[in-house]
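Trainee: In order, the protein sequences belong to chains G and R.
First residue of the first sequence? That's 4 in this note's numbering, and the numbers climb one at a time after it.
First residue of the second sequence? That's 43 in this note's numbering, and the numbers climb one at a time after it.
Hints are computed from structural coordinates only; laboratory data are not their basis.
One should not assume that every hint holds.
Label pairs and their calculated CB-CB ranges [claimed, not checked]:
| # | chain 1 | residue 1 | chain 2 | residue 2 | range |
| --- | --- | --- | --- | --- | --- |
| 1 | G | Gln409 | R | Glu78 | 23 to 33 Å |
| 2 | G | Glu296 | R | Glu174 | 27 to 37 Å |
| 3 | G | Asn252 | R | Arg102 | 55 to 65 Å |
| 4 | G | Lys301 | R | Asp101 | 30 to 40 Å |
| 5 | R | Gln106 | G | Gln409 | 24 to 34 Å |
Result set (DSS-like, lysine-lysine): computed pairs, CA atoms no more than 30 Å apart in a straight line [said to hold, decoys possible]:
| # | chain 1 | residue 1 | chain 2 | residue 2 |
| --- | --- | --- | --- | --- |
| 6 | G | Lys408 | G | Lys301 |
| 7 | G | Lys370 | G | Lys408 |
| 8 | R | Lys187 | G | Lys158 |
| 9 | G | Lys9 | G | Lys162 |
| 10 | G | Lys301 | G | Lys370 |
| 11 | G | Lys291 | R | Lys44 |
| 12 | G | Lys158 | G | Lys9 |
| 13 | G | Lys291 | G | Lys408 |
| 14 | G | Lys301 | G | Lys291 |
| 15 | G | Lys162 | R | Lys44 |
| 16 | R | Lys44 | R | Lys187 |
| 17 | G | Lys162 | R | Lys187 |
Derived coverage of chain G by chain R (criterion: at least 3 residues anywhere in the stretch with Cβ under 8 Å from a Cβ of chain R; other residues may be distant) [what the hints assert, rightly or not]:
| # | stretch |
| --- | --- |
| 18 | 127-138 |
| 19 | 156-165 |
| 20 | 187-201 |
| 21 | 344-353 |
We treat Cβ as the ideally placed atom computed from N, Cα and C, and that holds for glycine.
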Amino acid sequence: MTITEKILAQHGGRDRVAPGETMWIDVDVLMTHDVCGPPTIGIFQREFGVDASVWDRDKLVIMPDHYIFTTNHHANRNVDILRAFAKEHDLPHYYDVGTDRYKGVCHIGLAEEGFNRPGITLFGTDSHTCTSGAFGLFSTGVGNTDAALIMGTGKIWVKVPATMRFVFEGELPPYLMAKDLILAAIGDIGTDGATYRTLEFDGEAVYDLSMEERMTLCNMAIEAGGKNGIIAPDEKTFAYVNERTAGTNRADYTPVYGDPDARYYSEHVYDVSTMEPVVAKPHAPDNKAAVSEVAGTKLDRAYVGSCTGGKLEDFVAAARVLQGQEVVIDTFIVPATTEVGRQLHEVTVGGQTLFDIFKASGCQVGKSSCAACLGGPIDTFGRTHGTEVVISTTNRNYPGRMGSKQAAVYLASPLTTAASALTGVITDPREVLV
Amino acid sequence: MKPLIEGTAYVLGDHIDTDQIIPAEHLVYSMTLPEERRLYGRYALSAVPPGQQGLPFGDRPLTQPDAYTSDYRIVIGGDNFGCGSSREHAPFALQVAGIEAVVASSYARIFYRNAIDGGFLVPFETRGRLVERIRTGDDLLLDTKAAQLTNRTTGETFLLDPLGDVAAILEAGNVFEYARQAGLMPR
Ligand code: SF4
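The whole structure should be built from the sequences, with the hints applied where relevant.
Mentor: Spelled out as structure tokens, the structure:
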């Protein structure tokens, strides 16, 4: 069995499972946020009763992150509903807006708070819940109805997915990032190339990546239609998880690995040493082009943020390019979480903090949340309102995704995005990296 | 699940995403208050680009501008129907408009799951592509037990992929009823 099949078998109380089988499994963590949390709560109360208890208070994580810093009434009402529900049920893992506990983007918050542990099953009311698979666990996005059923029972039915294996071999050149690898893979198989299936990432280039970069790979599994993305755990995984779970009741976990004779639906092998920086052109994540093919395309703004491209390492990469120079287009910096936001003031490159580098180069630094990754209410930081051409470290570029339907979004790595911010045209990071 | 679903076809192309099915600006309406709920029917598929609304004609909206429900009953789609966000409002909006089944070459998995688990509509997959073989307005008969679609306008019959395990959820009505039958939830 593959690692995914094994985790599902264990959680379904079976010795063996095969792709295509349907079964009930136990859920270890359910995550929801401000957009889907309130309707999920509504369905939960309709089906289980207004006084019903959630199945396990300790396994429910609520992280508001989508529409936070806005005056929009509906958006604020949603956070009020979450707050009231968390209070009524005395939920230990609610990360309220306006308090020290506030985290920001849920998928990164789950990792930082030690909810991602090898071998578990994790479901969330958000399509990018597949991000957590970077920790060797099964994670996927579900709708509100499924989430409400989990909230009441701790169970969900799954159809065991077949696994597509993506092997990245070789040594990653300094001008490439995980974002380039996953954009290349999605470009090759298309936005429905992995529908119903698992994307398992393997190969020395994957294990050379940090946990943050591994999250970038798994984050975009859904952009190929995948059910989950997954990377088998190793020492880096354990080091990250142990640090984040120390002193909690989540410190115990059992890693799961695929069998040597596991069967794969398909195998896709890349030699990363020969790959080039790539972008996804408007208006789909599989609209791949090498940066060299689109170099010189005029841009209006650059955006570094989101669960895909707003982690500490993404900002370190951007700062290495921007240090000592000035951006020539509007450039927005949005740390995914409040922890990343703090690190901008602490972590240094060349003796300067990341925050100082961004300020000195003329970037605007925003508060931690999803912000303009999905457009959001009219007053959202970094949102497009017209015909802007944007280069962004986010994960989707369908029409209207960053606000305006007339805007055009190029998806790229933080290195390519920062290099382009300095010139105002799409620029290969090899031209500016020394 | 009804054994037979009959009515007129509404035909669409490939990659119909959840933003085309129900644009984000309309997600603010209550899904329960009747006077707000019906707006989901009015705006279902309202963001399908002109030229692709009701193929092969391209200029036939699912719901007339002043109406809350549609005259069409069965949507015919191409590849990757329902891709995009995880919003459950998508199959819900189609149901409110009066759509009882979708027959598409393939689905994005979250839409497929949502349609079944919420009991909003019956999603069938086709073995071959039907988008070019059925016209908007054709009179269809869908036999859900036999997984067979008949175009009564042309006399053609198409075999669909059997529903498999998910048929039990559709039979139960939604995932909660299914879970009750499995003894996972109190009745
Ligand atoms: S940052 Fe963007 S992709 Fe990530 S959870 Fe928020 S809206 Fe979704």
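Trainee: Please go over all the hints and tell whether each is borne out by the structure.
Mentor: Comparing the hints with the structure gives:
1. G:Gln409 to R:Glu78: 23 to 33 Å: holds (29 Å)
2. G:Glu296 to R:Glu174: 27 to 37 Å: Since the Cβ atoms of glutamate 296 of chain G and glutamate 174 of chain R sit about 33 Å apart, the hinted range of 27 to 37 Å holds.
3. G:Asn252 to R:Arg102: 55 to 65 Å: holds (58 Å)
4. G:Lys301 to R:Asp101: 30 to 40 Å: holds (35 Å)
5. R:Gln106 to G:Gln409: 24 to 34 Å: Given about 28 Å between the Cβ atoms, the range holds.
6. G:Lys408 to G:Lys301: Satisfied, since the Cα-Cα distance of roughly 18 Å is no more than 30 Å.
7. G:Lys370 to G:Lys408: holds (24 Å)
8. R:Lys187 to G:Lys158: holds (28 Å)
9. G:Lys9 to G:Lys162: holds (13 Å)
10. G:Lys301 to G:Lys370: holds (27 Å)
11. G:Lys291 to R:Lys44: violated (44 Å)
12. G:Lys158 to G:Lys9: holds (17 Å)
13. G:Lys291 to G:Lys408: holds (20 Å)
14. G:Lys301 to G:Lys291: Holds, because 18 Å separates the two Cα atoms, which is no more than 30 Å.
15. G:Lys162 to R:Lys44: holds (24 Å)
16. R:Lys44 to R:Lys187: OK: lysine 44 of chain R and lysine 187 of chain R at ~9 Å, within 30 Å.
17. G:Lys162 to R:Lys187: Roughly 21 Å separates the two Cα atoms, so the pair holds.
18. 127-138: holds (count 3)
19. 156-165: Coverage by chain R holds here, the residue count being 4 at a Cβ distance below 8 Å.
20. 187-201: With 4 residues closer than 8 Å to chain R, the stretch 187-201 of chain G meets the three-residue bar; holds.
21. 344-353: Answer violated; 0 residues pass the 8 Å Cβ test.
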